[in-house]
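Given these sequences and hints, build the entire structure.
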Amino acid sequence: MLELLWIIPALPFAGSLFLALLGRKLPRRAIACLGAGSVGICALLTGLVAISFIGHTSSHSFTYTQTLWSWLDVAGFGPSVSLHLDALSLVMILVITLVSFLIHLYSTEFMIGDADYSRFFAQMNLFVGSMLTLVLADNFLLLYLGWEGVGLCSYLLIGFWYGEPQNGYAARKAFIVTRVGDTALAIALFIIFTHLGTLRIGEVMLAARDTWPAGSPIATVTALLLLAGAVGKSAQLPLQTWLPDAMAGPTPVSALIHAATMVTAGVYLIARTNVLFMLSPAALTAVAVIGAATLVVAGFSGLVQHDIKRVLAYSTISQIGYMFLALGVGAWSAAIFHFMTHAFFKALLFLGAGCVIAATDGEHDMFKMGGLRKQMPLVFWTFLIGACSLSAVPLITAGFYSKDLIIWKAYCSARGSVWLWAAAIFGSLLTSMYTFRMVLLTFFGPLRKNATKRPGWPMSLPLVVLAVLSIAGGLVDLPKNFGGGSALTKFLTRDLPSFVTAPGRAVHQGMFGVFAACVSLGGILLIELLMRSRMYEKISESPRAKALHSFWFSGWGFDRLYDLVLVSPYAMLARINRDDVIDYFYTGLSRLSRQGWRGLCATENGRVRSFVLGIALGAAIIIGLAVFL
Amino acid sequence: MTRIVGHVLILAAVLFFLGLIGVLVRRNIVFMLLSIEIMFNAAGLAFVAAGARWAKPDGQIMFIFIVSMAAAEVSVALALVLQMHHRLKILDTDAAKSLRG
Amino acid sequence: MILAGLILIPAVGGLLAWFTERFNPARPKFAALAAMAAELLAAVYLAAFRSGSARFVVPWIPRFGITIHLYCDGLSLVLVLLTAFLGLAAVASAWTEINERTGFFYFNLLLTLSGVTGVFLSLDLFLFYFFWEVMILPMYFLIALWGHENRVYASCKFFLFTQVSGLLMLVAILALYFLHGQNTGHYTFDYIQLLKTPLSHSAAMLIMSGFLIAFVVKLPSVPFHSWLPDAHTEAPTAGSVVLAGLLLKTGAYGILRFVLPLFASAVRHFAPIAMALGVVSILYGALLAFGQRDLKRMIAYTSVSHMGFVLLGAFAGSRLALYGVVMQILCHGISTGALFILVGGLRERLHTRELDSMGGLWSAMPRLGASLMLFAMASLGLPGLGNFIGEFLVLLGVFQVSPFWAVLASLGFVTSCVYSVWIVQRTIHGPNTRGWNPPDLSGRETVVMAAMSVLILWLGLFPRPVFTAVSPFVENLRQKPQSSAPAPESGRTTGVSRAVRGRTP
Amino acid sequence: MTAALSSISPLICLGAAAVLVMLLVALRRAYTGMAALTLVGLGAAFSTLPLMVDSNPHRLFFLMLNGYTAFYAGLLILASAACVAFTFSYLKEFERNREEFFILMLLATLGATVLAAADHFATFFLGFELLSVSLYSLTAFPSMTQGHIEAAVKYLVPASVSSAFLLFGMALIYAWSGEMSISRIGHELRAAHIHADYQWMVAGLAMIVVAMGFKLALAPFHLWTPDVYQGAPAPVTAFIATVSKGAVVAMLLRLFTPAEIQTGSTLFWVFGFMAALSMIAGNLLALFQENVKRILAYSSIAHSGYILVAFLAGGARAIEAVSFYLITYFLATLGSFGVVSALSTPGMERENLDDYRGLARQNPFLAAVFTLMVLSLAGLPLTAGFIGKFYLTLAGVGAALWPLVIILALTSAMGLYYYLRILVALFVLAPSGGDRRPKPPLSFSNAFVLTLLAVLLFWIGVMPAPVLNLVRAMVG
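Residue numbers (the working numbering), protein chains in the order written: chain A, 1 to 629; chain B, 630 to 730; chain C, 731 to 1235; chain D, 1236 to 1711.
It is possible that some hints are incorrect.
What the hints assert, rightly or not - A short, non-exhaustive set of chain A residues, derived as facing chain D with CB atoms under 8 Å:
{"no.": "1", "residue": "Arg594"}
{"no.": "2", "residue": "Gly596"}
{"no.": "3", "residue": "Leu617"}
{"no.": "4", "residue": "Ala619"}
{"no.": "5", "residue": "Ile623"}
Derived by calculation from the structure, the hints in this document are not laboratory data. No experiment lies behind these values; they were computed from the predicted model shown. The beta carbon of each residue, even a glycine, is placed where N, CA and C say it ideally should be.
This is the structure in structure tokens:
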């Protein structure tokens, strides 16, 4: 079965190409079949490949590489188009194909009214294909191809409704900001190739371990550049600004970006290049700190948003922050675990939000919604499950297991610290609060807007499946004390370094767990209390809170800062220099020659006497030159 | 170079220069032609002096030659002056400024 | 013989086109199309069956040791292929745009192509200079006669820039000629002979700067770029295509073929300045592109930015960078050519090039929109499309030599992204405020776009043939500057040896 | 004596033709016949040139008779034949006496040939004056417009002054060296570096240079050029620009090449100064000029500057380069003035740029020829001018005249601007405000000569080797 691996990324590409070329001539049903079908077959194939791969489990650390063709082969630089399957990429593609398929399925109904139906699916397929290429890439260059492809698709899809200027703005912002990170990644690739002589990921890791001493500056620089790339794609501080705006795209796009593709690419990259990060403690610490800072910062911003999708966007930033935190403290598999559960519940939440938005005629503002619980029971219940999972409601949700693991490991890791743990815990509190603020505003309270549409089966089915997964997803890595065997962790540890516990910290795990559970539940209760007692409004009325509110609302002023420091000066420079200062030099020359012409023309005054004068003076000059020189 | 030849040459140069000044300051075409004649004759004088220095007849021959050529030139020039006066009604060269720019 | 044919086919085709106009003004385009198709076939034949190595030697002006020495190695071959392909595309793009004096138009277009082909094939420096000049004048006419509003100014500017620099190159060529002659007693313009000229450092620097100024102006690099936006903006579509796709490439080709092998040590000395210029071009060109209001002008400035990579890579002195340069040359030719064809199509439909009056055209013209998107992405260096390979290899190669410049140039990734998405935003995206509803690409345009798209994708995903073709050139260049052009094979030497034995003037 | 006479038979033919035409005119005025006779005379002179080459001894009647002289004489005679052909159609509708025009042209040609062949100050001066006096008369001859007379006056006065300079210079040289033979003076000059009174000699030479500079329209003696070129009838302008210049160039080379002025003589600086100034002033003055004849006048100033660059290179290469360049310059100049004269009549010269707007539409043949000629003047490829300029630059670089070569490159590029203006005018689509006056029909003689010139121009541009060899064989 493994030989079919190449079909997995190829199918979405093929689907995309086909739809792009012929899509406009096809009926909608055929487009839907093609668009969702290609990803569906992908998901099926991935399942088969996974079974076949796990069949090889007997041999420890089994990987499968498939070379399709030699891409370029020059002067010792020979990355080929080849795919690499190991435990990490297998888990990734499983989640990606499954969630993507569900989102595609959902979209077949959600987008049915759109004029550019085929374009939508073409781009969605391209998105999935790029992400799969990214994950399966055997070398950094192919990874970079997928990486950029994902960026392009995010640009295309965020700006899908390009008629609105702000959608275009959001799309551009997403593309350009991530491109900044991509450039850092490219530079990292230059360093890697220059110093290690290869771009094949496996070889790079081995070579780096052999040639770069731990903590060497070059390793640190490389790791930091990779981190910069990851930060761009995964919307972490300080490049997180594009993600909230990315909500301009259709809701399934947001789901795809947030849950299955794009933003998790950074997490994947760091996990994939763990050796480099392990060589550089500083970089790893940076990863953890960025993660911790991001999850808190984004949590605050999430708490004050009005737009339901923006809340989810900030929650994504925050949850990816958890993953970074996990990576930073060396809890590699925990990060991937959280990636998986996050994919499930975030897709669920977005799709649910999409149902709500569709039902309320495109209303995004939560304050204009309310009381939809009765009107859309299925959506409500599945959304609630997703929210619970996001808030890590203990025991029953997948999110609890993954997040709890991270919080705990942030403390007990050899690289962990109390501060990281505190940030994680505080983030957990914030998560619960903004999540349930969203739930309460949307589904409870007075009915402000009637739901006009009920989701049909293509939209409902993914909700149900994802809801189940959001609950049951935790089972794959159920820790020992809950009777599980940490299956995922074990599976991943074949390719990822194992977790190192700090001596003396690994005690009282149970107590920490209970505390974390209490915090998340407490957050829910707190927000419920605040909302019910109208304290929330009162607090937000006070001027100081208002300032804080608007500060958080605008995402901590990062946008304004970048605008002031980078965007405006660049645009202004471009505007001022539209006519190109250098050109003035040449126009100056031409003006000079015109002056010269005018001056010389004055000598041509048409008088015979001045002709003779010219001769006389000329004679004087040349006789002088000839005789006295 | 013998002294006397040098003196004559200087005289010729002075004459030449005077002729040149004449062409430069006079606007009337007839006077300009006169001044040019002076320049030619200055050159002729120089030739004669040079011939004297080398005690050869070449200088004198050249002088005769110059005089005859100058006559030819002046005849054409005077024809032109007539045309100028006849057609353009001017003799002032500065007034002939239809060609310029 | 086929090499002379490659040069003559467009020229003869152009003459034919001119004459057919007498009978029917709609006829010349068919003649031109046929000629370019024949040219492409000949080039493909050369590539396929002669494994891209052919030589043609005939004495021309023995008095000065000038021979008609044409030679086609891998580097020339890929560029000739590009010429034939873009020439065909240019003819097709002029199909409906040009209705005035069609015969003379196609004559000029094809003569330019003939000159460009000659530049790519000449191994005699005089012949090279000859073709270098041949291609400029018809291009001047193309701009000056069929251009837009400000055409006379633009064409003059183009002409003067290229001529000043070209004459300086002539002086440099002659200096080299005499230095070689004085050293060996053997006066010749033959490239292979001149490669062996021993040069003192200062002489090499001076002569190289003579060559370089011509190439850098043609490339163009900041600060010699200011002719380019005007020329491009005012030129008719076919002119822009040929200008951006081919004429700029002659500058790059000149650097690769002549500057690097002839002045290896001077190049090393000059490299920091050239690389700095390259980086400045990349960033400054991008800045200028972003500021423009006129779509064509904007794309013109992007060329400045892209050709900065060529300058940067050519002087890096790394093989990877050289491969990247070749790739960049090819792909920029195709992608910018395509963009100009698209802009020409837009202008034909909307009668404006102003970005302010465009917007939201994708829904009306999906095929054009998709093509524009594709080539805008190519322009920003999206992996999977050819331009990425070029830029990436250049930067990688430069990084091995000078990380500082590479990192600075990498900022070009961001700036190119900025202007590319801005192009997309202002044309096919955004609100359609003017209510445009123009017809989509016609069948002819679609075929051209499809061919170019396939090519750019092919170059992005399967670039190996190109690398295989140019690798002898690049490897030779790196190993031993003296032997970078192979000596003539035996059996064909008679012409050369007779020709290069030109007498001392 | 017969041998001696036969070796100067070209000169005799020219003189005889002039006399014959003069006599026949007295009998009967037959315009076509006289033109034909003139051409026959020129043809006879040309066909007897081989006798000049083979002449033995070389020096006869104060003339130097060898391949070099024959080359220049041939060039001048052919150019003058072209001018005669242009004149023929130019004066076709002219009602007053016109046959004398041919006499004057023959005399001017004779003068130019004598000048090119002169080996003595006497012949030098004789040729110089014969040429000048004929040209004054030719310029004023039609007297149809104020321009003709005015141009003649503007030519006559400064030309006479320059003749005076020439004479005075000759006198000084003679006074110093006792020598009036051109070839010996050159050698004297080379040896003169050590002599105490060297300044007298140099001053004399400088004065001769003034006169020659005037004829060559070198800056700073160029002021008369545009006015005379503009005012003179177009065929005469062609004559002034080619024949008169060519003869002086021949004399320049003959006088100064043996002197080897490039080896540290102050005259090198004199010529360098004039070359640089001519290139700059000529090109700059033409830049925004609106009158085609004036543009061509200024461009001829610049071309004289270019010629000096090669001249300064010295040695055999300089002679060859200059001679070859002169051929290309003659072809292009004759062609362009030929077009101007084909479009003009004595009463109405078509000389403004506006008159040429849209010519490509109205008369494609003339426009094509004019384009080719202008391209050649500009030194663009596929024309003789390209090879010519290449040769000049080659000579300049070969002698390492870097500043002059750089000025040559830069100014000739600047010059392209005004050549392009002419081209654009020819090809602009709508003749907006263009010339709608009826144009004279294209005569057969003009068409024939112009075609010949164009074909030659193109041929030399593509296959210069035969002409190069010819030049080398003749003047080398």
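The hints, checked one at a time:
1. Below 8 Å, beta-carbon pairs count as interface contacts, and Arg594(A) has one with chain D at about 7 Å; its hint therefore holds.
2. The closest approach between the C-beta of Gly596(A) and any C-beta of chain D is roughly 5 Å, which is under the 8 Å cut-off, so the hint is satisfied.
3. Given hint, Leu617(A) at the interface with chain D, holds; its Cβ is 7 Å from that chain's nearest Cβ, closer than 8 Å.
4. Nearest Cβ of chain D to the Cβ of Ala619(A): about 5 Å, under the 8 Å cut. The hint holds.
5. Restraint check, Ile623(A) versus chain D: the minimum CB separation of about 4 Å is within 8 Å; hint holds.
In summary, the structure agrees with every hint in the numbered list given earlier.
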